[in-house]
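Chemist: Using our numbering, read the sequence shown as starting at 3 and increasing by one per residue.
Any given hint could be a false lead.
Think about it this way: if two alpha-carbon atoms lie no more than 30 Å apart in a straight line, the pair counts; the simulated DSS-like pairs of lysine-lysine are [to be verified]:
#1 K39 <-> K23
#2 K23 <-> K49
#3 K39 <-> K49
If you are wondering where the hints come from, they were derived from the structure by calculation, not from laboratory data.
Computed from a prediction, not measured in an experiment: that's the story for all the values here.
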Amino acid sequence: MYRDELVLRALLWRYTFPRDKIVQIVPYQVLLSPGIKIEHTVVDYPKFVVFWTFDLSDLLEALHQNAFPIATAQA
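Full structure from sequences and hints, please.
Modeler: In structure tokens, the structure reads:
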């Protein structure tokens with residue numbers, strides 16, 4: 003996470019979301035797997051990206067502290 007962009011990395015991919023291309027970040031959970039769903043306007047990426055995490059509350063707090071657009075409702 004940087005001042006003007008959110009960068010997600012995994013083994014085989016990397017997504018960089020400029021702040022102005024993020025529509026909203028939504029808490030997301032399937033069964034016992036928490037994560038965030040990133041809705042954005044980056045043309046070359048899938049319509050939304052889900053990022054799984056072990057500590058959703060810490061991730062949401064960090065995003066909030068850096069003024070990223072977090073939705074209040076869970077997807």
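Chemist: Each of the hints needs a verdict: does it hold here or not?
Modeler: Verification of the supplied hints:
Pair hint K39 plus K23 holds up; C-alpha atoms about 14 Å apart against a cutoff of 30 Å. With a C-alpha separation of about 12 Å, the suggested pairing of K23 with K49 holds against the 30 Å cut-off. As the CA atoms of K39 and K49 are separated by approximately 10 Å, the hinted pair is consistent with the 30 Å bound.
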